[in-house]
Amino acid sequence: MSLQFYEGQAFWKSPSEYQPGTMLTDEKISEVERHLHVRLPRGYIELMKQQNGGELAFRYVLFEDGDAAIIPYLYEVEIDHGIGLSSVFIDECRLPDKLVLLTGDLHSWLALDYREKSNPSVVYITESETESGKWDEHPLADSFDQFTTKLFCK
Numbered sequence: 277m278s279l280q281f282y283e284g285q286a287f288w289k290s291p292s293e294y295q296p297g298t299m300l301t302d303e304k305i306s307e308v309e310r311h312l313h314v315r316l317p318r319g320y321i322e323l324m325k326q327q328n329g330g331e332l333a334f335r336y337v338l339f340e341d342g343d344a345a346i347i348p349y350l351y352e353v354e355i356d357h358g359i360g361l362s363s364v365f366i367d368e369c370r371l372p373d374k375l376v377l378l379t380g381d382l383h384s385w386l387a388l389d390y391r392e393k394s395n396p397s398v399v400y401i402t403e404s405e406t407e408s409g410k411w412d413e414h415p416l417a418d419s420f421d422q423f424t425t426k427l428f429c430k
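Each position in the sequence shown, counted from 1, maps to that position plus 276 in this note's numbering.
The set of hints was computed from the structure by calculation and includes no laboratory data. For every residue, glycine included, the Cβ atom is placed at its ideal position computed from N, Cα and C. A hint or two may mislead.
Pairwise CB distance ranges, derived in the manner of DEER restraints [as the list claims (entries may be wrong)]:
| no. | residue 1 | residue 2 | range |
| --- | --- | --- | --- |
| 1 | P291 | K393 | 33 to 41 Å |
| 2 | M299 | P415 | 31 to 39 Å |
| 3 | D343 | T298 | 30 to 38 Å |
| 4 | M299 | D421 | 17 to 25 Å |
| 5 | V364 | R391 | 13 to 21 Å |
| 6 | D341 | S306 | 36 to 44 Å |
| 7 | S290 | R370 | 33 to 41 Å |
| 8 | R391 | E322 | 23 to 31 Å |
| 9 | E405 | S306 | 14 to 22 Å |
| 10 | E405 | R310 | 31 to 39 Å |
| 11 | L361 | T402 | 13 to 21 Å |
| 12 | D341 | M299 | 38 to 46 Å |
| 13 | D356 | T425 | 27 to 35 Å |
| 14 | E407 | T298 | 39 to 47 Å |
Only pairs whose alpha carbons sit at most 30 Å apart, straight line, appear in this in silico DSSO-like list of lysine-lysine [as the list claims (entries may be wrong)]:
| no. | residue 1 | residue 2 |
| --- | --- | --- |
| 15 | K393 | K325 |
| 16 | K289 | K325 |
| 17 | K374 | K325 |
| 18 | K374 | K410 |
| 19 | K289 | K426 |
| 20 | K304 | K374 |
| 21 | K410 | K393 |
| 22 | K430 | K289 |
| 23 | K426 | K374 |
| 24 | K325 | K430 |
| 25 | K426 | K325 |
| 26 | K374 | K393 |
| 27 | K304 | K393 |
| 28 | K393 | K426 |
| 29 | K304 | K426 |
| 30 | K325 | K304 |
| 31 | K410 | K426 |
| 32 | K304 | K289 |
Required output: the full structure, derived from the provided sequences and hints.
Written as structure tokens, this is what we have:
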């Protein structure tokens with residue numbers, strides 16, 4: 277089996293079953309950043325300006341131990357839904373603070389991690405299989421741009 281890694285072209289799957297958000301403007305980005313108290317990574321913003329959320333063409337990522345996760349879509353950049361609801365899900369699921377949730381399903385999450393720095397790393401968080409109410413963290417990349425280079429399709 278040959279893996280094809282993302283190299284800067286065709287990030288979004290087309291057609292997509294996930295309905296993207298409305299066209300992203302600089303004003304909307306500033307509003308969401310103020311709401312989340314973060315500065316979103318430039319590479320992330322550039323992709324979201326192409327299409328504000330949706331299914332990924334390169335939807336798999338490898339962990340250091342060789343396991344893989346599916347990242348089917350990214351949430352849209354909005355305040356009242358999408359990444360703007362990060363704090364709601366963080367509270368509800370008892371996730372660590374200072375995360376911006378890029379996608380998830382209540383059992384696993386892809387997030388920008390702002391806990392130790394203003395330039396976030398990317399982490400994949402899953403429910404612990406050994407301890408109820410706890411989360412296991414899988415560091416994926418030191419930056420969003422590095423994360424995208426680790427995405428692949430089969």
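Hints versus structure:
{"no.": "1", "hint": "P291 - K393: 33 to 41 Å", "in the structure": "holds, 37 Å"}
{"no.": "2", "hint": "M299 - P415: 31 to 39 Å", "in the structure": "holds, 33 Å"}
{"no.": "3", "hint": "D343 - T298: 30 to 38 Å", "in the structure": "holds, 36 Å"}
{"no.": "4", "hint": "M299 - D421: 17 to 25 Å", "in the structure": "holds, 23 Å"}
{"no.": "5", "hint": "V364 - R391: 13 to 21 Å", "in the structure": "holds, 18 Å"}
{"no.": "6", "hint": "D341 - S306: 36 to 44 Å", "in the structure": "holds, 39 Å"}
{"no.": "7", "hint": "S290 - R370: 33 to 41 Å", "in the structure": "holds, 36 Å"}
{"no.": "8", "hint": "R391 - E322: 23 to 31 Å", "in the structure": "holds, 24 Å"}
{"no.": "9", "hint": "E405 - S306: 14 to 22 Å", "in the structure": "violated, 40 Å"}
{"no.": "10", "hint": "E405 - R310: 31 to 39 Å", "in the structure": "holds, 37 Å"}
{"no.": "11", "hint": "L361 - T402: 13 to 21 Å", "in the structure": "holds, 19 Å"}
{"no.": "12", "hint": "D341 - M299: 38 to 46 Å", "in the structure": "holds, 39 Å"}
{"no.": "13", "hint": "D356 - T425: 27 to 35 Å", "in the structure": "holds, 32 Å"}
{"no.": "14", "hint": "E407 - T298: 39 to 47 Å", "in the structure": "holds, 40 Å"}
{"no.": "15", "hint": "K393 - K325", "in the structure": "holds, 24 Å"}
{"no.": "16", "hint": "K289 - K325", "in the structure": "holds, 15 Å"}
{"no.": "17", "hint": "K374 - K325", "in the structure": "holds, 23 Å"}
{"no.": "18", "hint": "K374 - K410", "in the structure": "holds, 17 Å"}
{"no.": "19", "hint": "K289 - K426", "in the structure": "holds, 17 Å"}
{"no.": "20", "hint": "K304 - K374", "in the structure": "holds, 20 Å"}
{"no.": "21", "hint": "K410 - K393", "in the structure": "holds, 23 Å"}
{"no.": "22", "hint": "K430 - K289", "in the structure": "holds, 14 Å"}
{"no.": "23", "hint": "K426 - K374", "in the structure": "holds, 23 Å"}
{"no.": "24", "hint": "K325 - K430", "in the structure": "holds, 26 Å"}
{"no.": "25", "hint": "K426 - K325", "in the structure": "holds, 21 Å"}
{"no.": "26", "hint": "K374 - K393", "in the structure": "holds, 10 Å"}
{"no.": "27", "hint": "K304 - K393", "in the structure": "holds, 23 Å"}
{"no.": "28", "hint": "K393 - K426", "in the structure": "holds, 22 Å"}
{"no.": "29", "hint": "K304 - K426", "in the structure": "holds, 28 Å"}
{"no.": "30", "hint": "K325 - K304", "in the structure": "holds, 11 Å"}
{"no.": "31", "hint": "K410 - K426", "in the structure": "holds, 26 Å"}
{"no.": "32", "hint": "K304 - K289", "in the structure": "holds, 24 Å"}
Of the hints listed earlier, the one the structure fails to meet is number 9.
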